[in-house]
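Participant: These protein sequence lines are chains A and B, in that order.
Using our numbering, the letters of the first sequence map in sequence onto residues 1 to 212.
Using our numbering, the letters of the second sequence map in sequence onto residues 1 to 212.
There could be a bad hint or two in this list.
Unchecked claim - A few chain A residues facing chain B, derived, Cβ under 10 Å:
no. : residue
1   : Tyr14
2   : Leu21
3   : Ser38
4   : Ala42
5   : Ser73
6   : Asp76
7   : Gln93
8   : Pro104
9   : Asp144
10  : Gly169
11  : Ile191
By construction, these hints were calculated from the structure, which means they are not laboratory data.
Heads up, the beta-carbon is just placed ideally off N, CA and C, and yes, glycines get one too.
There are 2 protein chains.
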Amino acid sequence: MTVSGKTVARLSLYRRLLYGLQAEGERNAFSHQLATMSGGTAARVRRDMMAIGYSGSPTRGYDIEELIKSIASFLDDPEGQRIALVGIGRLGQAILSYFTGRRPKLAIVAAFDCDRKKVNRVIHGCRCYPMAKMKAVVREQDIDIGILTVPGEAAQSVAERLCDAGVRGLLNFTPARLHLPKDIDVEDYDIAMCLEKVAYFARQGRTRSEEG
Amino acid sequence: MTVSGKTVARLSLYRRLLYGLQAEGERNAFSHQLATMSGGTAARVRRDMMAIGYSGSPTRGYDIEELIKSIASFLDDPEGQRIALVGIGRLGQAILSYFTGRRPKLAIVAAFDCDRKKVNRVIHGCRCYPMAKMKAVVREQDIDIGILTVPGEAAQSVAERLCDAGVRGLLNFTPARLHLPKDIDVEDYDIAMCLEKVAYFARQGRTRSEEG
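Looking at chain A on its own, in the form it has when it is part of the complex:
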């Protein structure tokens, strides 16, 4: 079954919201609750759940534990997926420190850099390799996701090398926009851009309220 990127994103979001409810001791959740929390409508929540073959009871809502399992069996690879990070600079290291050990089924198992001082050692629990070993390591470890934290100028060539080695999806933290075959999924995730955007509109809002 194929669903849209937006549905996949929402399912991921619902799951984390459900974990939150579970942590608060809840056992059941209604579609309108998930709707409020996710910024959508109850009808859309129900449609998304039906897309993965799950329906709740009108009186008790969804069983949280079962719904989490259903979402997991849709979103997760039962054998797990492995990730390579390229570019062990400040952002790369922050991401390694954030992700290491959090998700056994979606783990960063290798990092690459062209700086000799950063490779052939373990940083935040992750083995670091020189760029020359990329193809071999990606193939051996069956890595299918890449995280790009290289400088923008290097992004396109590194992305091509990763795809050539077998990677099928990229999380791109660089400002570069990548030109890759259509079957490669790229998510641009540009933290500096987001922050500058918030800063700009925060300033407009301040000016507006000073005028008002």
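Assemble chain B onto chain A, guided by the hints.
Facilitator: Same frame as chain A, now just chain B:
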């Protein structure tokens, strides 16, 4: 002058692409170059530049140094803007370590947490305060941007407190979707969701290529 969020985001992107070109020794850039790098059209690049009152020469293109200055005078507050981060967990610390000292005009100047062990000290160069001091610190330091790295369940109430103290823009790293007054700009920046989305489509791509 008011421009759309997408234009602001692209101006931020162009600036970083221009810094990249400058680092490679370039002095001039053509709209079609910026278009290829940013994944748009040359016409859109020219429209965006005209929106900030800048036009290039048809033969030599844009003067990179001047264009960077023009974008800066549009995007940046001449007196700088200050940011507070709330939630000094793993992700919060990663963001502090990434941002500290990088941008004097857009700096994280205070962090907050409810864990006593994390406050009243300096983490990655940033002063950490207890939650009870939020209002006073935000006002004293004229902070107008908040970064939310708290657990999802706490996001709404923390966001309301930040806005009440004077914050006008939020970068939300939590899975919660926030309900706030319309003049508050919120950018949702959900790293786990992005990664799960890439993972899902990477798997679909792999299946497709095995079938094909």
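Participant: Now tell me if each hint is right for this structure.
Facilitator: Hints, one by one, checked against the model:
no., hint, verdict
1, Tyr14, "holds, 9 Å"
2, Leu21, "holds, 9 Å"
3, Ser38, "holds, 6 Å"
4, Ala42, "violated, 14 Å"
5, Ser73, "violated, 12 Å"
6, Asp76, "holds, 8 Å"
7, Gln93, "holds, 8 Å"
8, Pro104, "violated, 13 Å"
9, Asp144, "holds, 5 Å"
10, Gly169, "holds, 3 Å"
11, Ile191, "holds, 7 Å"
In summary, the structure is inconsistent with hints 4, 5 and 8 from the numbered list given earlier, while agreeing with the others.
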